[in-house]
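Peer 1: Just so you know, the sequences run in chain order V and L.
Just so you know, the first sequence maps onto residues 53 to 153 in this note's numbering.
Just so you know, the second sequence maps onto residues -13 to 476 in this note's numbering.
Each hint should be verified, as a subset may be incorrect.
Unchecked claim - Partial pick of chain L residues on the chain V-facing surface, computed with a CB cut under 7 Å:
(1) A140
(2) L148
(3) S151
(4) T167
Claimed, not checked - DMTMM-like cross-link-like pairs, simulated, lysine to aspartate or glutamate; straight-line CA separation at most 20 Å:
(5) L:K437 to L:E352
(6) L:K437 to L:E360
(7) L:K437 to L:D355
(8) L:K18 to L:D95
(9) V:K152 to L:D355
(10) V:K82 to V:D144
(11) L:K354 to L:E434
(12) V:K107 to L:D183
(13) V:K152 to L:E352
(14) L:K437 to L:E346
(15) V:K107 to L:D200
(16) V:K107 to L:D120
(17) V:K149 to L:E352
(18) V:K107 to L:E199
(19) V:K92 to V:E112
None of these hints come from the bench; they were simulated from the model.
C-beta atoms are modelled at their ideal positions from N, C-alpha and C, and glycine is treated no differently.
Listed below, chain by chain, are the residues.
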Amino acid sequence: MNLVIVLLIIGLLMIVAGCWCLMRTFHLLKMTIGIEVAMKAVTLFLVLAGRISGKIALSETFVITVMVAEVIVAVVGTGTAVGLFRKYGSMDVRNLKQLKG
Amino acid sequence: MTILSICAHGFIYGPILVVLIYNLFNHEFARKHFFWFAGTGAVWQILAAIGGFTALNQNGQTSYAFGAFWDIRLAGAAFFELNATRFLLLLIVGLVALISVLVAHQTVDFNRSSYTNLLMILVLGMNGMLLVTDLFSLYVFLEVTGLCCFIMIAMFRSRADLEGSFKYLILSELSGIFILTAIAFLMMKTGSLRYADLAGLGQRISAGSGQLEDLLVYAALILLISGFAIKTGVVPFHSWLPDAYQSADTAVSILLSGAVNKVAGVYGLMIVMQLFGDVAPVGPSLAAVGIISIIIGALLAVRQPQYKRVVAYSSVSQMGYILLALSTGTTLGLVAALAHILSHTAFKSTLFTNAAALQEQTGTLELKDLGGLENQMPVTAFTSIIAFLSTAGIPPTAGFWSKILIILALWQAGSPVLAGVALVAGILSSAYLIRLQRTVFFGQTRPELAKVREVRGSVLTAEVLLTVITLGLGLLYPYILLLLHAGGIL
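Excised from the complex, chain L in its bound form:
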């Protein structure tokens, strides 16, 4: 047993073990101490991701294949695989789970046991999506992830919760139908769904041949892109996203925006781009969805009446940037997309954690009831400013560097127009963020909010931790750029 194999198996067995051990205790004990169990699961995920990546680098390998409890050398055996991209996304899953647990410690009260169990199964589902090497297993784990999300949104059984959950369920299942139909069509052509067998399909299909199977492959690509775009929540498939984010408890919103729509949506599109990037229409269609999403998402965010809805539409807009970076199909594009995923996780989780702080201290998130909280909640106001700067792409935050990388990737791939639009659209994102910051934190303190105090405990810890990550990454980025330059990518 090497460190690498322990870490690799830990991604699968860790969450399962936490669920099994957690349910051995009686309900009252479990409810009281949920923080330690869920926290252990999340911290284990972070440690396994960092340790595994270090071990992989020391061995000098680029990827590591393993089976959960079977021998992968058997003929036709399915296997899991780890590489640098997947390690980064696994780290993000662990980080988001930890932040969510820290927030849930204060916001979730009666549903703590269900929260812990569902969180661990959700982490297992996302780990599964990231580890598998064939499209059908990807679909199965996508379904596991989706189901946990539906239940977690509806967990508190208020009218808004159930409504948000039902809308998400219908659209998410529609995306499941799209993806599965695409899988069936691809199987008609290739007879296998492994990534290794599907790669290079572009050479095997001929556009004008009119063969039924080639036509079906094109249909499959359209369906795959729309399916994963629904899961990502980009325009024009975004209608479920603000409703789900607004209605869910903030601890769950953090999970949805930080991890689920990146792993279930963007990672799926990454796989599509990796397998079918050589088929002509895939890249441009991703770019089109991305650019529409950036502009419409930002415009819609300007006029939302509720804090979490503004942040949700901002998520739509930022996902557009990631798709734009992916659409280039180059290594630099992939690196830029991953960098923006990381910085988006940090700043968007900060904004949602601030939403939890505001909700806990003032009892409302309607923008018309908030105002002038700068002096009462100095830490929340400061972390929120840092997150805004990062969203708008202003140095020295992490968001600046990842947006620079995206623009460089677009420029290098020969589409300066898209790079220009991405640059100008940054102004739009400052517009809604300045509005949000001004209404909530600046200006005259409203008399009914005079007794509000700064949030304490785990939510404050989460805010500070995320801000340190945003600023730290921002200061560290020149070093990462040097590494990229040394690797010949930049």
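Next up, chain V with everything else stripped away, as it sits in the complex:
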């Protein structure tokens, strides 16, 4: 098994871990962390893409841009979670039952 396959498998495992975290936890911050873990796997894929296609500089700029974007998403997600914590007094996602049809 070469390095590319190993890194691909590691990345896929990280995405599965992130999605597992989204499905199995009921804590708003943990869900945000799950998203972040999956996003880190994607940066790994971008680095790998740069290595395979031989355009390492391009993929480095992509990775830095993605990092900025995901940090902003994490900030907004955490902010929303804190807002919900102030309303409900807990971070449990099972409280969110206002919107139903």
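Add chain L to chain V, keeping to what the hints say.
Peer 2: Relative to the frame of chain V, chain L by itself:
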């Protein structure tokens, strides 16, 4: 400097300038006069789209490439591009922004400065998505658009707002992860993400070869379609959509349904279809998602308890029609999809503007508390009927012609079964619309609603403007069909 280049640069610098100038003033002044700043931004967008398109036509060009402040002839420089499709979508963005500002003038109160700033950055993000020519920039502007939406939904900090925003954030980020993974996989195969380099990938991959990179390209296509389908909000990825639309302020709902899910979702799928339409499974999978979405969306809309939720599920159903038109991959299919995007913008914005009017005048949108408002609110009742006729596809409204075009495109592409299903599903959409119209406007006036009066001012202007667009387009369509016939498309 030609008119075309001024208009083209205006799409980028216009919103930025409005934000910069708006924040020079003190808070109280800015809050009081937000209407003029945001309105100028929106009107500028509309004028630039119309003026730019006219200039492009007069020059006889089909597309125009430009850089924001750099020379595009440098080796490897990224560039923006404008063509007829993009001009139409830019016009829709401007129109929806204008309607949203008109509604926000009456519905938004304390958050007006944040609303204006976020609206302009949202317009900038959508303009960016429409102008760029490579997949990674598309992702970056998609993220800008998404972030503005999360904040705009949560802006009023009620329980429902925050809940809707959090649900949207989680699913939207999931779609971001899908799209970015797909981008990485495509880059492994091609080493470049420009549309020009990615086109024709179908010839370069061989299905049965079992090469790792070819397998990854197929995975990338699945991920791209699911990512943009989440953003579009079609079944089975629709769970965030009614919650977000219901919880957001109506001015924001108009933006979400009128522009964001078309530009962030449908335009993305358009790009996928344009680049990878020759890879076999792409078209049929879009058609499958579309047909499921039409039927399930309409069935779910029938039994919703709240006005905006019914309209939101109707949006899911109508997006299905657009995907169905796109899945044909022909020029007529693209034209039909664009026509339905335009008429959907007009009638769905009308319905949401009516929701704002009802909310302002009666204070509720729960269907069980509304009834018999026909005499108190005659203009709202009338515009709502026109919007319903357009949604259900009944002449002489714009929705009729765009649905006819979709069915013709399906028939021409050799799938009469899909065309038949699309035709029959129109009956389903009449079902939920008749229910909505009957509960809200027809019948006995409820005693507690006896003192309700017609809405005034900017919301009324928005309702009338949108109805004129729906009817005007409906009456103008035979001319457009003649143009299409002359162009050899129909």
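Peer 1: Hint check: K82 (chain V) vs D144 (chain V), CA-CA at most 20 Å. Holds or violated?
Peer 2: Since the Cα atoms of K82 (chain V) and D144 (chain V) sit roughly 10 Å apart, the hinted pair holds (cutoff 20 Å).
Peer 1: With a cut-off of 20 Å on the C-alpha distance, tell me whether K107 (chain V) and D120 (chain L) pass.
Peer 2: 16 Å, holds
Peer 1: When you check the alpha-carbon spacing of K149 (chain V) and E352 (chain L), does it fall within 20 Å?
Peer 2: Within the cut-off at roughly 17 Å; holds.
Peer 1: When you check the alpha-carbon spacing of K437 (chain L) and E346 (chain L), does it fall within 20 Å?
Peer 2: 13 Å, holds
Peer 1: Between K107 (chain V) and D183 (chain L), does the CA-CA distance stay at or below 20 Å?
Peer 2: Given that 20 Å is the threshold and the Cα spacing comes to 15 Å, the pair holds.
Peer 1: Next pair to validate is K437 (chain L) with E360 (chain L); report whether the Cα-Cα distance is within 20 Å.
Peer 2: OK: K437 (chain L) and E360 (chain L) at ~13 Å, within 20 Å.
Peer 1: Quick one, is the T167 (chain L) hint okay against chain V at 7 Å, beta carbons?
Peer 2: The hint holds - T167 (chain L) has a Cβ within 7 Å of chain V, the shortest such distance being about 5 Å.
Peer 1: Using Cβ atoms only, decide whether L148 (chain L) comes closer than 7 Å to chain V, and label the hint accordingly.
Peer 2: Status holds, d = 5 Å.
Peer 1: CA of K92 (chain V) to CA of E112 (chain V), is that 20 Å or under?
Peer 2: 14 Å, holds
Peer 1: Check the hint pairing K152 (chain V) with E352 (chain L) against an upper bound of 20 Å on the C-alpha distance.
Peer 2: Holds, at about 12 Å.
Peer 1: So if I understand the rule, the pair passes when the alpha-carbon distance is 20 Å or less; does K18 (chain L) with D95 (chain L) pass?
Peer 2: Between K18 (chain L) and D95 (chain L) the Cα gap is close to 10 Å, so the pair holds against 20 Å.
Peer 1: Quick check on A140 (chain L) please, does its C-beta sit within 7 Å of some C-beta on chain V?
Peer 2: 5 Å, holds
The structure agrees with every numbered hint stated previously.
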